[in-house]
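These protein sequence lines are chains X and Y, in that order. Using the working numbering, you'd call the opening residue of the first sequence number 1 and step up by one each time. Using the working numbering, you'd call the opening residue of the second sequence number 1 and step up by one each time.
Because the hints were derived from the structure by calculation, they are not lab data. A couple of the hints might just be wrong.
Any copy, or any two copies together, can satisfy a pair, since identical chains are not distinguished.
What the hints assert, rightly or not - Simulated pairs of lysine to any residue, SDA-like, Cα-Cα distance not exceeding 25 Å:
#1 Lys124 / Glu93
#2 Lys124 / Met185
#3 Lys253 / Arg288
#4 Lys253 / Gln220
Listed below, chain by chain, are the residues.
Protein chains: 2
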Amino acid sequence: MSEQLGPKLERPVVERLAIIGCGLIGSSLLRVARRRNLARRIVATDASAPVRARVVELGLADEVHDSAADAVRDADLIILCAPVGANAAIAAEIAPALSTGAIVSDVGSVKGAVASAVAPFIPKGVHFIPGHPVAGTEQSGPDAGFPTLFLNRWCILTPPAGADPHAVETLSAFWTAAGSNVETMSCEHHDLVLAITSHVPHLIAYNIVGTAADLEEVTQSEVIKFSAGGFRDFTRIAASNPTMWRDVFLNNKDAVLEILGRFTEDLSALQRMIRWGDGDGLFALFTRTRDIRRSIIEIGQESDVPDFGRHQSDPQ
Amino acid sequence: MSEQLGPKLERPVVERLAIIGCGLIGSSLLRVARRRNLARRIVATDASAPVRARVVELGLADEVHDSAADAVRDADLIILCAPVGANAAIAAEIAPALSTGAIVSDVGSVKGAVASAVAPFIPKGVHFIPGHPVAGTEQSGPDAGFPTLFLNRWCILTPPAGADPHAVETLSAFWTAAGSNVETMSCEHHDLVLAITSHVPHLIAYNIVGTAADLEEVTQSEVIKFSAGGFRDFTRIAASNPTMWRDVFLNNKDAVLEILGRFTEDLSALQRMIRWGDGDGLFALFTRTRDIRRSIIEIGQESDVPDFGRHQSDPQ
Chain X
1 MSEQLGPKLE RPVVERLAII GCGLIGSSLL RVARRRNLAR RIVATDASAP VRARVVELGL
61 ADEVHDSAAD AVRDADLIIL CAPVGANAAI AAEIAPALST GAIVSDVGSV KGAVASAVAP
121 FIPKGVHFIP GHPVAGTEQS GPDAGFPTLF LNRWCILTPP AGADPHAVET LSAFWTAAGS
181 NVETMSCEHH DLVLAITSHV PHLIAYNIVG TAADLEEVTQ SEVIKFSAGG FRDFTRIAAS
241 NPTMWRDVFL NNKDAVLEIL GRFTEDLSAL QRMIRWGDGD GLFALFTRTR DIRRSIIEIG
301 QESDVPDFGR HQSDPQ
Chain Y
1 MSEQLGPKLE RPVVERLAII GCGLIGSSLL RVARRRNLAR RIVATDASAP VRARVVELGL
61 ADEVHDSAAD AVRDADLIIL CAPVGANAAI AAEIAPALST GAIVSDVGSV KGAVASAVAP
121 FIPKGVHFIP GHPVAGTEQS GPDAGFPTLF LNRWCILTPP AGADPHAVET LSAFWTAAGS
181 NVETMSCEHH DLVLAITSHV PHLIAYNIVG TAADLEEVTQ SEVIKFSAGG FRDFTRIAAS
241 NPTMWRDVFL NNKDAVLEIL GRFTEDLSAL QRMIRWGDGD GLFALFTRTR DIRRSIIEIG
301 QESDVPDFGR HQSDPQ
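Bound conformation, chain X alone (with noise of 0.2 Å):
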């Protein structure tokens, strides 16, 4: 597994590249793209004026149009990168601009009701092929990308039937020269897997920050003095992007509903036990649990650094 970016390729992977959002995603792969020549020309927009300014600002793209509909002209791989509600409306504002065997694609974390709500304003000639790249810190906005993101993460692609097989591998060229490795799913597999490792456990860390904030007994000063006990771990997820995750949820209902139906029917389980003084049934999951991490861990998706490398380690 490579530790960095390749060099700058010498061919570029697309001629004309558009980045439709630029947050923490889409000023990751404004950077990466320049990075490593994946584009002859990178070309950005977002529906946020200061936004705009401040990729101009930091020299992110070579052009930065105020429409959405400019920015896709002439382009060959068109990324949106806004949160997953507002693909639908840009969607339909670009449609009229874009050109015969352009490749559309975005990065939400939702691909089937995405999916749907995209594809009919895609025009014949024009490859939709949706993406997510799975890959994220809790921190949003242009500045907060880097080029690095993506490097050794997975990018998942929901190609439809009948997709072009060739637009389907510039787009996998594309994120491989990212940095990633890709797979290839349906969108109803990819808003499952990610139900499973990223909404519903955002989901319960927004719960559970939202629930110490609202006790009485415990005060707010002493829930953030302890929080090294464990809590602040949750917090992280919980301080991410409140639109990206509220269209998560919005737009991926009926994975979330089912994955949490699971967790709180384990979870009663485990009240049960606690209840009854089950110590070898605590036991027997707080053990199987442990697994887990360690093959995440060996397929080098987490470092094994103790407490996320919180403490400098000082043996002795």
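With chain X held as given, fit chain Y onto it using these hints.
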């Protein structure tokens, strides 16, 4: 806030320190005691012979005894660092060997049940002052410890009514010299505070990892591969010591069930928002939770590096 441990004390806080149990916490205490000269003589024991042998090998103590009773003889500060379920038996064993005027403390994550289990064994003339350093990592055993584990973390003391002020002061001086901030509260309040800041967070982390392991539609290897979407954060605390955590839940039943009840109540409300598409409700919660992390970072209980510093931040 100091970034590192101070120099060796000219005058040790206690004469003879006995550490019972040399896992992550006990071995970290041994290390910081040596490093900062917290005791003139450092004595250790552990129920496990291989652990005792390792403590000798690592040179963590001046004396390593096979029996807890031998270890506490003539000690003026004895700290029980075993899983909380073992404390009553240890107290029974060491009671006859304790010197008048000695201080007995512990490091357990539960105070009420443990204090009542241990107190009856403590002889007249010996000071029993329960304690809890809110610090740790997901690793266990004598090799996992390090001297700065308690640096800038809080240590909570729960002295019983009528505790000797001088003994409390000595114990407090000991933890302060180990790098901690010391706070005093009742056992009952401690157990409620820790239920929300530590115990229930661990429980739901263990639970989501268990739910993920049991899914039929999503393979284990998919959960592991795509864990960077949030799930892997939970696997860290779900990799903690199973014995320690079993004992925590068995011994802090009431507070854990109380907080868990609130958590599931709140989660049902969130679930309902998702089912009915209440985007504003979701957005309101997701915004509110951001502030808590900001406060935790501000008071130095968490770093502000994105994604726990997993990426090398490399802007542009």
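Quick rundown of the hints versus the structure:
Only within a single protomer do Lys124 and Glu93 lie at most 25 Å apart by alpha-carbon distance; the minimum there is 16 Å, versus 81 Å between protomers. In this homomeric assembly, Lys124 and Met185 come within 25 Å of each other (Cα to Cα) only inside a single copy, at 23 Å, whereas the closest approach across copies is 69 Å. In this assembly of identical chains, Lys253 and Arg288 lie within 25 Å of each other by CA distance solely across copies; the values are 22 Å between and 29 Å within a copy. In this homomeric assembly, Lys253 and Gln220 come within 25 Å of each other (Cα to Cα) only across copies, at 23 Å, whereas the closest approach inside a single copy is 31 Å.
In this structure, none of the earlier numbered hints is contradicted; all agree with it.
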